Amino acid sequence: DAGVTQSPTHLIKTRGQQVTLRCSPKSGHDTVSWYQQALGQGPQFIFQYYEEEERQRGNFPDRFSGHQFPNYSSELNVNALLLGDSALYLCASSFDRGGIFSYEQYFGPGTRLTVT
Amino acid sequence: GIQVEQSPPDLILQEGANSTLRCNFSDSVNNLQWFHQNPWGQLINLFYIPSGTKQNGRLSATTVATERYSLLYISSSQTTDSGVYFCAVNNGANSKLTFGKGITLSVRP
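Those protein sequence lines, which keep their order, are chains H and Z. Residue numbers 107 to 222, in the working numbering, belong to the letters of the first sequence in order. Residue numbers 25 to 133, in the working numbering, belong to the letters of the second sequence in order.
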């Protein structure tokens, strides 16, 4: 049973550039969430995708955008990179059966982005 | 939004000692998870425990939802238990997880 996978593992970009990070959810999962973790902090929610739509969004600017594909995989795009965007980007997947129940979320290994 | 507080922020133990990590949250929750973050950044699922008690080997967890706290117990600690422990909650169906600031555990040989 494949877990959550992310690519690339590491990335170095220059200020002003654009970056795309990728995530494949755990087998059987249909919901993907993205988190940003700055050094020494807990992960912060960026947004969540379900049925190829952005369902929830955290307090992040429009420079952060995403997409979910029919196979449930997802991309996170960040435009006009700032030094402050340097962080570990984590993808989490879960299974949504509707209703009020919340299921366990599983995280990928992360992509470490450095902006110089 | 919901607030999550973890304590203590740092914990240093001698190998073989027991410890209790605490997570307080400010509202009722649908989901509570404990994670261990390894040195490479991977968040490893320890427990999914919105209420009740669970045990897995040397680790156990208890969540008292009515009093809005959860405890993670580590018994007979090992050096490999070192790392950062996060508690995360949500209070809506499949909604975002809100994380605490984490507890850094160092287990000395």
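Source of the hints: derived by calculation from the structure; they are not laboratory data. Since the structure is predicted, the reported quantities are computational estimates derived from the model, not experimental observations. Do not take every clue at face value.
As the list claims (entries may be wrong) - Now the in silico label distances, taken between C-beta atoms and shown as ranges:
no., chain 1, residue 1, chain 2, residue 2, range
1, Z, N48, H, A108, 46 to 54 Å
2, Z, Y72, H, S113, 43 to 51 Å
3, Z, T77, H, T120, 33 to 41 Å
4, Z, W64, H, A108, 14 to 22 Å
5, H, R169, Z, S100, 30 to 38 Å
6, H, E160, Z, A41, 41 to 49 Å
7, Z, R82, H, Q124, 42 to 50 Å
8, H, S171, Z, I26, 24 to 32 Å
9, Z, S100, H, T120, 45 to 53 Å
10, H, G122, Z, T77, 26 to 34 Å
11, H, R169, Z, Y72, 43 to 51 Å
12, Z, Q102, H, I118, 30 to 38 Å
13, Z, L83, H, L145, 39 to 47 Å
To be verified - To spell it out: a stretch of chain H is covered by chain Z in this simulated footprint if at least three of its residues, at any positions, have a beta carbon under 8 Å from a beta carbon of chain Z; those stretches are:
no., stretch
14, 145-151
15, 176-183
C-beta atoms are modelled at their ideal positions from N, C-alpha and C, and glycine is treated no differently.
Hints, one by one, checked against the model:
{"no.": "1", "hint": "Z:N48 to H:A108: 46 to 54 Å", "verdict": "35 Å, violated"}
{"no.": "2", "hint": "Z:Y72 to H:S113: 43 to 51 Å", "verdict": "26 Å, violated"}
{"no.": "3", "hint": "Z:T77 to H:T120: 33 to 41 Å", "verdict": "50 Å, violated"}
{"no.": "4", "hint": "Z:W64 to H:A108: 14 to 22 Å", "verdict": "19 Å, holds"}
{"no.": "5", "hint": "H:R169 to Z:S100: 30 to 38 Å", "verdict": "47 Å, violated"}
{"no.": "6", "hint": "H:E160 to Z:A41: 41 to 49 Å", "verdict": "46 Å, holds"}
{"no.": "7", "hint": "Z:R82 to H:Q124: 42 to 50 Å", "verdict": "45 Å, holds"}
{"no.": "8", "hint": "H:S171 to Z:I26: 24 to 32 Å", "verdict": "26 Å, holds"}
{"no.": "9", "hint": "Z:S100 to H:T120: 45 to 53 Å", "verdict": "48 Å, holds"}
{"no.": "10", "hint": "H:G122 to Z:T77: 26 to 34 Å", "verdict": "51 Å, violated"}
{"no.": "11", "hint": "H:R169 to Z:Y72: 43 to 51 Å", "verdict": "33 Å, violated"}
{"no.": "12", "hint": "Z:Q102 to H:I118: 30 to 38 Å", "verdict": "35 Å, holds"}
{"no.": "13", "hint": "Z:L83 to H:L145: 39 to 47 Å", "verdict": "26 Å, violated"}
{"no.": "14", "hint": "145-151", "verdict": "holds (count 5)"}
{"no.": "15", "hint": "176-183", "verdict": "violated (count 0)"}
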